[in-house]
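Visitor: If you want the building blocks of each chain, they are given just below.
4 protein chains.
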Amino acid sequence: MIKVGIVGGTGYTGVELLRLLVQHPQVEIQAVTSRAEAGKPISELFPNLRGKLTLNFSDPKDADLDNCDMIFYATPNGTAMQTTPELLAAGCKVIDLAADFRIKDITVWEKWYGMTHTCPELVAEAVYGLPEINRQAIAQARLVANPGCYPTATTLGFLPLVKKGLIDINQLIADAKSGVSGAGRKASVPALMGETGESFKAYAVSGHRHLPEISQTLTHIAKQPVNLTFVPHLVPMIRGIHATLYATLQDTSLDLTELYADFYQNEPFVDVLPNGAHPETRSVRGVNTCQIAIHRPQSGNTAVVLSVIDNLVKGAAGQAIQNMNIMCGFAETMGLEGVGLLP
Amino acid sequence: MIKVGIVGGTGYTGVELLRLLVQHPQVEIQAVTSRAEAGKPISELFPNLRGKLTLNFSDPKDADLDNCDMIFYATPNGTAMQTTPELLAAGCKVIDLAADFRIKDITVWEKWYGMTHTCPELVAEAVYGLPEINRQAIAQARLVANPGCYPTATTLGFLPLVKKGLIDINQLIADAKSGVSGAGRKASVPALMGETGESFKAYAVSGHRHLPEISQTLTHIAKQPVNLTFVPHLVPMIRGIHATLYATLQDTSLDLTELYADFYQNEPFVDVLPNGAHPETRSVRGVNTCQIAIHRPQSGNTAVVLSVIDNLVKGAAGQAIQNMNIMCGFAETMGLEGVGLLP
Amino acid sequence: MIKVGIVGGTGYTGVELLRLLVQHPQVEIQAVTSRAEAGKPISELFPNLRGKLTLNFSDPKDADLDNCDMIFYATPNGTAMQTTPELLAAGCKVIDLAADFRIKDITVWEKWYGMTHTCPELVAEAVYGLPEINRQAIAQARLVANPGCYPTATTLGFLPLVKKGLIDINQLIADAKSGVSGAGRKASVPALMGETGESFKAYAVSGHRHLPEISQTLTHIAKQPVNLTFVPHLVPMIRGIHATLYATLQDTSLDLTELYADFYQNEPFVDVLPNGAHPETRSVRGVNTCQIAIHRPQSGNTAVVLSVIDNLVKGAAGQAIQNMNIMCGFAETMGLEGVGLLP
Amino acid sequence: MIKVGIVGGTGYTGVELLRLLVQHPQVEIQAVTSRAEAGKPISELFPNLRGKLTLNFSDPKDADLDNCDMIFYATPNGTAMQTTPELLAAGCKVIDLAADFRIKDITVWEKWYGMTHTCPELVAEAVYGLPEINRQAIAQARLVANPGCYPTATTLGFLPLVKKGLIDINQLIADAKSGVSGAGRKASVPALMGETGESFKAYAVSGHRHLPEISQTLTHIAKQPVNLTFVPHLVPMIRGIHATLYATLQDTSLDLTELYADFYQNEPFVDVLPNGAHPETRSVRGVNTCQIAIHRPQSGNTAVVLSVIDNLVKGAAGQAIQNMNIMCGFAETMGLEGVGLLP
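Residue numbers (the working numbering), protein chains in the order written: chain A, 1 to 343; chain B, 1 to 343; chain C, 1 to 343; chain D, 1 to 343.
Any given hint could be a false lead.
Since the list gives no way to pick one copy over another, a pair counts as held whenever it fits inside one copy or between any two copies.
Dumping the calculated EDC-like pairs for lysine to aspartate or glutamate here, alpha-carbon to alpha-carbon at most 16 Å [said to hold, decoys possible]:
hint, residue 1, residue 2
1, 52, 271
2, 223, 332
3, 61, 251
4, 164, 262
5, 52, 337
6, 61, 267
7, 104, 121
None of these hints come from the bench; they were simulated from the model. Because the structure is a prediction, the values reported are computed rather than measured.
Generate coordinates for the entire structure from the input sequences, incorporating the hints supplied.
Guide: Dropping the structure here:
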């Protein structure tokens with residue numbers, strides 16, 4: 001049984017962490033902080049938690065986070081770096097669900113996130129929390145940078161092809177689509193249902209913060225720079241990411257589905273679908289699974305990988321708990337055994 | 001050809017007014033004001049207007065509204081009352097799409113809207129702009145209070161029964177459902193797609209501002225106080241209001257559909273459906289029509305009236321233009337002849 | 001550990017039963033039948049079950065249902081009555097999620113369902129499976145008629161008021177709204193997304209099959225006939241029912257929220273919200289809870305009860321499992337402890 | 001004034017043709033056929049047409065189509081080819097909104113559409129009705145093959161780059177997304193709201209019928225074979241197509257937005273957005289416009305073209321009327337001047 005604290009519990013990532021953690025057999029939730037909602041019962045803001053969690057939100061300064069074994073930051077970018085050093089010093093382990101520790105090159109991070117990093121040394125220490133590539137390092141880590149939602153879906157989709165050197169890494173395309181919960185739970189005009197419902201659009205085509213994150217990982221795996229075009233789109237639904245990935249094969253004789261199935265055969269949360277399948281985001285709604293199918297249209301040299309996750313689970317809270325399980329020596333799937341909510 | 005000014009053109013009511021007015025043969029749009037967006041092309045904010053309108057938003061103080069023949073206020077409550085007196089003095093006619101001039105009893109208005117009214121004398125003068133009950137007064141008016149969306153659907157649904165004294169007015173129930181555009185285009189958490197999508201709820205059951213508005217009109221028609229229970233709900237869609245109305249009949253021998261059809265036979269924008277029909281909000285999407293069907297389940301003494309409108313058209317911008325047409329002596333349907341966008 | 005068979009597993013009720021049953025610690029799923037899909041892996045039709053269930057659909061004649069301890073019928077109306085007698089004779093217990101055994105008056109049933117009942121004697125024996133009113137009888141039953149979705153939300157909402165004789169039972173109104181999954185998973189034009197998306201409508205106002213079911217239960221509780229007006233509506237979302245109930249109070253001095261909270265204090269799946277609350281269907285998405293709030297607008301004599309359930313869980317599969325738990329002597333909440341998926 | 005007949009008027013393409021044609025100043029609708037609905041008022045099936053169209057559906061054999069000047073086929077594939085020869089012989093002009101006359105190579109057509117073509121000679125004669133490339137031929141045509149929805153959005157997006165030889169035509173990628181109305185208005189499980197709502201997926205990745213259609217056009221323009229990977233996706237919304245197109249530039253010194261704006265400057269229905277813009281499907285809801293933006297992420301050699309249309313308008317009924325206008329010598333924009341319904 002570990003004591004868990006959540007910093008910033010009023011967003012979609014926060015409530016999803018809570019949904020999963022209240023069902024986790026080895027977790028006791030100690031504190032959930034929110035400046036704005038301090039003192040209010042958490043289940044008043046999120047009535048799905050009625051009867052499951054009796055805590056109130058607490059002010060960060062009163063939350064006694066030091067005594068927690070594990071801290072999750074479910075805060076806006078730039079917040080975790082303020083207080084992570086002291087919590088690590090107090091002996092807590094930390095998982096940041098925001099972007100503060102994801103990009104190793106501080107200059108790159110500062111350019112994309114528009115602020116000065118306050119603890120670059122912790123960036124160097126932090127482990128990028130994608131278990132499918134960093135499981136052992138995660139098990140040793142004090143500080144884990146939980147991957148972004150798009151990077152999770154995209155990286156898992158490209159990984160076998162890049163790792164095995166099967167494609168031209170100078171021309172990768174990721175056409176990614178996300179539900180609106182990716183934009184978070186904060187007052188904003190562009191995320192109104194009146195703006196996002198019954199419509200579809202691309203955004204940030206000139207450059208999205210998840211681009212350097214994906215490139216960093218794929219470059220690390222390829223051991224040489226990759227060139228990725230990443231175009232995110234907004235889907236009029238709440239949960240789910242679908243990444244459609246395009247790459248040019250250097251060898252068209254391989255059975256790619258078999259290759260992927262072999263590659264991921266021991267991964268509890270990556271599910272390779274049979275030949276000809278088309279994964280749907282709803283099949284993984286509420287669960288930590290990434291479902292992947294791979295096609296080679298007209299038997300040509302273009303590989304098309306279809307990769308779906310729930311952006312709030314494998315793309316955020318679920319993956320954070322998977323990392324927690326690894327860091328704490330629990331079974332990796334503990335508390336993450338649910339079945340997708342279909343329909 | 002008249003010169004039209006719109007005060008506050010960045011909301012959903014504003015863009016809907018623009019959509020309809022750019023197609024109106026007797027209207028020249030002179031100015032559309034917005035403090036926040038002054039100087040920006042309107043069609044940059046609303047790309048559906050590209051090629052249809054080349055104006056920029058203008059600052060209210062530069063907009064030369066005095067020279068307009070007709071002013072529409074598409075502003076938050078409490079704004080129109082600030083400048084309406086001077087525009088009327090300058091000879092403009094004014095239609096307020098907000099609530100500033102809807103409630104005759106200033107005490108009631110101030111209680112529900114939580115502010116002090118700055119020009120009560122204009123409230124007395126203002127005509128409530130529901131043409132189906134006030135057509136002649138509208139034709140003479142300088143100042144029209146455009147009805148709220150719920151009040152339009154509800155009042156048109158109850159009107160024949162109340163007017164003809166066929167029901168017990170001490171027990172009226174209006175169970176009303178609205179799409180999210182009714183909440184406007186302003187940054188807010190409750191109107192995020194993440195909050196309103198794929199979910200349904202009632203709100204403001206203890207009291208909604210449209211209750212006194214509906215009660216005022218029905219009381220005026222009944223010539224005695226009515227007792228109305230009004231429960232609004234939020235539907236996960238953008239446009240449309242569906243009011244389901246319940247009343248106890250004092251006489252069950254009448255053919256209610258025939259009665260409604262007769263009552264509304266000369267109304268260009270009220271369409272009574274045949275017996276057994278169930279109007280859908282999509283049938284009136286984008287148009288100024290109110291479709292109504294009336295049922296008497298199990299041949300009992302409860303009348304069930306189903307009334308649908310597009311909240312942004314007959315519930316706001318379309319009705320405002322209908323009022324403008326009446327005030328200016330144009331054909332009442334001018335510029336409002338479109339066909340509902342189905343599906 | 002009991003052996004469970006599901007007759008008709010290709011609909012939404014079927015997949016929801018499977019989602020919940022594969023996580024139930026005392027259940028072994030023996031067979032899931034489907035004539036049309038016999039031989040196909042269930043997880044091919046429903047990929048959310050991949051890795052959770054390795055069965056194929058089986059043809060009813062090969063399914064060896066006789067050896068099951070518990071049979072669920074997730075079939076169209078009129079199917080369960082064909083084979084229930086032989087399964088009961090073989091010693092199985094049976095829960096029918098369709099309507100075959102819900103209405104005690106065979107004449108009424110045959111009128112509303114348009115067919116001849118083949119085993120009226122079993123209708124007499126069957127227990128109506130709403131645990132909140134029939135828990136003890138369910139515990140003894142061989143055959144349970146699982147309630148309809150609207151009846152569950154409506155009956156639980158009216159129950160305390162009717163049971164305690166606080167309202168005029170001659171004028172009950174239930175304005176109910178359902179997501180589209182209530183229409184099932186069968187090819188049909190009216191349930192296309194092109195027909196139901198972004199629109200709202202009432203349907204079956206002249207009479208819906210759930211009306212006699214609700215009336216039967218409320219009449220039984222009131223010990224005299226009730227008069228109910230029931231108007232169902234279709235909401236452009238997948239899951240969820242919201243019933244808005246109206247009744248005239250005979251005494252306005254009571255604290256209704258307190259009364260409801262007391263009434264349901266021992267019920268694990270009925271959650272009475274505090275005064276002023278508005279339940280949202282999303283708060284119970286995927287779970288077996290009914291959330292209820294009760295209002296008295298303008299402190300008048302009209303009670304407004306807001307009652308929400310997930311139509312596929314408390315309105316179908318979840319309640320069926322709750323009944324199974326009671327019939328089998330398991331903890332009533334076993335396998336139903338999940339947290340609602342919000343957002 | 002011309003007499004128009006519509007064969008097959010009960011689908012989404014049919015009702016959209018009717019919505020536009022009842023507002024067209026030079027059109028008199030003579031007959032709308034439907035075997036299944038013959039005799040029923042059209043406005044009973046489509047209540048948005050109440051008061052706008054008083055015709056009933058007629059049986060094809062009674063419809064006297066021979067006397068029409070213009071026939072639209074809004075029928076399933078394979079229907080138009082049955083009766084087009086006789087209607088042409090009778091002197092009618094014909095526009096087929098289905099695929100019967102789109103593919104010049106009969107072998108290719110028969111492979112993709114799985115049937116034998118009954119009038120190959122008319123395929124040779126038919127003009128592919130994309131006015132932006134075939135305006136003059138359309139003006140002379142008796143028979144026009146109206147383009148598919150995906151081909152319209154995709155072809156207009158690639159056209160300037162291909163025509164001017166600026167890209168590597170051996171590696172074109174079209175990642176296209178469509179609302180569900182593209183699947184038509186026919187009973188089907190996959191198009192239920194329960195299946196398509198709140199979810200996103202790719203489909204037909206191994207090969208979609210619109211692939212040979214797009215390839216044929218682009219090959220014709222390039223004057224050499226192009227190699228296109230085309231991946232369609234289903235978006236949980238009703239109307240709209242968004243095509244995201246990827247191509248490798250051979251020259252990165254050009255201002256692509258300027259080039260597109262020049263290329264399309266005389267086109268009434270192609271609107272090139274300024275640099276940095278992201279078109280939204282809602283901006284063209286209900287109208288015949290294709291909005292296009294073009295990006296070059298990270299100033300690299302990959303061009304990303306974003307192209308949106310309303311699949312039922314520029315992708316079907318609107319483009320058909322544009323073709324009719326050209327064939328009949330009307331102003332090309334006649335009856336197509338509406339403004340997109342936003343929000």
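Visitor: Quick one: residue 61 to residue 251, C-alpha cut-off 16 Å, is that within a copy, between copies, both, or neither?
Guide: neither (58 Å within a copy, 49 Å between copies)
Visitor: When Cα atoms must be at most 16 Å apart, do residue 52 and residue 271 count as within-copy, between-copy, both, or neither?
Guide: Between copies only: 12 Å across, 30 Å inside.
Visitor: Check residue 223 against residue 332 for me: Cα-Cα at most 16 Å, and say if that holds within a copy, between copies, both or neither.
Guide: For residue 223 and residue 332, the Cα distance exceeds 16 Å both inside one copy (28 Å) and across copies (56 Å).
Visitor: Is it within, between, both or neither when you check residue 104 against residue 121 at 16 Å Cα-Cα?
Guide: Within one copy only: 10 Å inside a chain, 65 Å across chains, cut-off 16 Å.
Visitor: Is it within, between, both or neither when you check residue 61 against residue 267 at 16 Å Cα-Cα?
Guide: Classified as neither; 40 Å inside a copy, 38 Å across copies.
Visitor: Check residue 164 against residue 262 for me: Cα-Cα at most 16 Å, and say if that holds within a copy, between copies, both or neither.
Guide: For residue 164 and residue 262, the Cα distance is within 16 Å only inside one copy (12 Å; across copies 45 Å).
Visitor: Given identical chains, is residue 52 near residue 337, meaning Cα to Cα at most 16 Å, within a copy, between copies, both, or neither?
Guide: Close across copies (9 Å), not inside one copy (18 Å); limit 16 Å.
Violated hints for the displayed structure, listed by number in ascending order: 2, 3, 6.
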